[in-house]
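Peer 1: Turn these sequences into a full structure, and let the hints steer you where they fit.
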Amino acid sequence: MPRTSPWRAAHVVLAALIVALSPSIHAPAQAETASAQAQPAAAPAQPAAAQAQTIAAPAQAVAPRDQAVAPPAQAVAPPAQAVATSAHAASYEPKPGTARAADSFRNPVNPSADPSLIYHDGSYYVATTRGDRIGIWRSRSLATLLAEPEQVVWRDGDASRDKQMWAPAFRHVGSRWYIYYTASDGVDANHRMYVLESAGDDPMGPYAFKAKIADFGEYAIDGEPITHNGQMYFVWAGPGRGMGGPAQLYIARMSNPWTVTGGRVAIPADGGCPEVREGPTPLYRNGRTFLTYSTCDTGKPDYQLWMLSIADGADPMVTSNWRQHPGPVFSRNDETGVWGPGHHSFFRSPDGTEDWIAYHAKNTSTYTYDFRTTRVQRFTWNADGTPHFGRPLAAGATQRLPSGDPGAATSVINDFDPQVTYAGTWQSGSGCGNQCFWGNDHWSGQAGATATVTFTGSRVALLSVRDRGNGIAAISIDGGPEQRVDYYSGIRVGEQLNYLSPVLPYGTHTLRVRVTGERNPASGSTVISMDRIEVY
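Its first residue numbered 27, the sequence shown is counted upward by one per residue in our numbering.
Hints listed in this document are in silico derivations from the structure and should not be mistaken for laboratory results. Just so you know, not all the hints are guaranteed correct.
Unchecked claim - The following label-pair restraints were derived from C-beta to C-beta distances:
no., residue 1, residue 2, range
1, ASP184, GLY289, 25 to 31 Å
2, ALA215, GLY459, 38 to 44 Å
3, GLY378, ASN282, 24 to 30 Å
4, SER346, ASN312, 16 to 22 Å
5, GLY474, ASP241, 56 to 62 Å
6, VAL344, TYR532, 57 to 63 Å
7, ASP504, GLU361, 35 to 41 Å
8, GLY298, GLY474, 46 to 52 Å
9, ASN282, ALA409, 55 to 61 Å
10, SER429, PRO294, 17 to 23 Å
11, GLY183, ASN282, 55 to 61 Å
Even glycine gets a Cβ: it sits at the ideal position worked out from N, Cα and C.
Peer 2: Listed below in structure tokens is the structure:
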């Protein structure tokens with residue numbers, strides 16, 4: 027979940043191209059359907075053509091790590107792109123810049139954290155932490171989810187629960203959709219859990235407030251239902267083991283999708299770190315309910331997933347019936363530049379043959395709650411019937427779309443590809459390492475220097491480095507009005523979504539990035555980076 031307070035601090039395999047999976051069960055045979063979490067940071071506001079504003083980088087919670095503002099000066103000649111780096115070795119990699127890639131996609135699929143992601147009736151839906159609202163993104167293909175607009179489905183007029191709204195989670199019960207989420211009055215200790223109910227059978231709502239749920243008079247977050255032995259239970263995180271934050275997992279029986287009945291039971295859960303047990307979410311297969319959860323402070327690079335399980339027929343209210351699996355089962359991958367993977371959800375491919383995980387992660391090892399983005403990748407199953415999540419893939423790793431996904435006419439352009447031309451003084455190199463797409467980028471701090479991208483499509487997105495020495499760019503489409511975008515960040519991060527164009531008539535267009543030579547007062551320089559360009 028997005029955490030900004032001390033308590034909240036507590037909160038790969040691309041199984042690609044491996045054997046076909048036998049259908050796994052993400053939802054028990056009863057009313058509840060498997061849900062998923064997902065949060066797209068507000069898809070960058072679609073800039074109006076005539077808009078001339080500066081988009082500020084997210085506020086930084088901590089001091090930047092000691093890292094150079096820009097890699098050492100190097101010749102502009104592009105390096106050979108023939109071989110994929112080890113960070114991408116586990117994924118399907120078409121040559122960058124080769125236009126249409128209808129059967130593939132790259133992460134992130136949303137610029138926000140705590141994703142609940144589902145596939146339902148021909149579309150993907152993702153909800154993520156928005157802070158002051160509940161928003162959902164919808165797309166027919168995973169390949170275009172990042173470019174879709176957020177649709178706000180709930181704002182609360184009650185001051186006791188209209189702030190710090192975290193981790194919405196979908197559930198489908200009967201002919202209604204339910205969204206479970208956490209909110210407060212602005213005081214972290216006052217976080218409680220709530221439920222919205224849809225008016226009909228549409229994940230987009232409209233929704234109405236239904237109830238406060240599982241209120242035992244103390245801090246509680248990240249709740250969602252599980253179904254075991256045909257009975258719904260509610261699982262969540264709360265204080266425990268002498269600590270104030272979400273250090274303990276709890277379970278209670280449910281009498282309906284918005285009501286807990288009887289007492290709660292604390293479920294012992296290991297985790298590698300003492301301070302957090304949060305975001306429990308279920309997975310069903312092979313006669314067991316797996317309860318996967320996140321541990322360690324979500325701001326840390328070691329935020330990770332652990333797992334419990336219980337056999338069908340066993341009573342989940344009896345703690346000794348839960349089995350602790352050794353962990354972590356999904357954790358940081360320094361080689362691919364993925365840190366803090368966690369707060370996840372599960373979904374099935376459109377044709378029901380593949381299992382996928384949605385999770386948030388960062389592309390910096392710095393302790394920060396910022397820059398957590400939603401990623402997805404396929405997972406498989408071990409011979410003993412347990413899930414095999416593998417290792418987190420690099421953000422820019424090109425993956426096959428889920429089986430049955432209709433695909434989209436998307437493509438990716440690298441900063442060294444011929445579709446990008448440079449004027450003025452630009453440098454290039456591999457100093458950004460696994461924080462950049464294909465391990466390199468171009469940068470310039472010279473006022474008036476430009477990078478021009480020629481693309482064929484109806485929308486374009488720019489992902490690249492933000493750093494404490496970065497300045498303000500002026501970006502325009504087809505010679506139109508410029509939009510000012512601030513590339514500054516108090517810590518160095520890469521492959522960040524810095525710009526998303528308005529929707530354009532399909533065809534050939536040019537995007538120009540101009541180095542203004544300006545910077546906000548916190549920045550030490552005026553550098554602008556060119557790295558990965560996604561075309562829709």
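Peer 1: The hint says 46 to 52 Å between GLY298 and GLY474; measuring C-beta to C-beta, is that right?
Peer 2: Since GLY298 and GLY474 have Cβ atoms about 51 Å apart, the given range 46 to 52 Å holds.
Peer 1: So does ALA215 sit 38 to 44 Å from GLY459, Cβ to Cβ?
Peer 2: Given about 40 Å between the Cβ atoms, the range holds.
Peer 1: Holds or violated: the 17 to 23 Å window for the beta-carbon distance between SER429 and PRO294?
Peer 2: violated (37 Å)
Peer 1: For the hint 35 to 41 Å, verify it against the beta carbon of ASP504 and that of GLU361.
Peer 2: Holds - the Cβ-Cβ distance for ASP504 and GLU361, about 40 Å, lies within 35 to 41 Å.
Peer 1: Can you let me know if the beta-carbon spacing of GLY183 and ASN282 is within 55 to 61 Å?
Peer 2: violated (25 Å)
Peer 1: Is the distance from the Cβ of ASP184 to the Cβ of GLY289 consistent with 25 to 31 Å?
Peer 2: At roughly 27 Å between Cβ atoms, GLY289 and ASP184 fall inside 25 to 31 Å, so the hint holds.
Peer 1: That 57 to 63 Å hint for VAL344 and TYR532 (C-beta), does it hold up?
Peer 2: holds (59 Å)
Peer 1: Honestly, do ASN282 and ALA409 meet the 55 to 61 Å range at C-beta?
Peer 2: violated (39 Å)
Peer 1: Does the Cβ-Cβ separation between GLY378 and ASN282 fall within 24 to 30 Å?
Peer 2: For GLY378 and ASN282 the Cβ distance comes to about 28 Å; the hint holds.
Peer 1: Note whether the CB distance of SER346 and ASN312 lies within 16 to 22 Å or breaks it.
Peer 2: Once the Cβ atoms are compared, 21 Å apart, the range 16 to 22 Å for ASN312 and SER346 holds.
Peer 1: Indicate whether the distance between the beta carbons of GLY474 and ASP241 respects the range 56 to 62 Å.
Peer 2: holds (59 Å)
Consistency with the previously given hints fails for numbers 9, 10, 11, ordered from lowest to highest.
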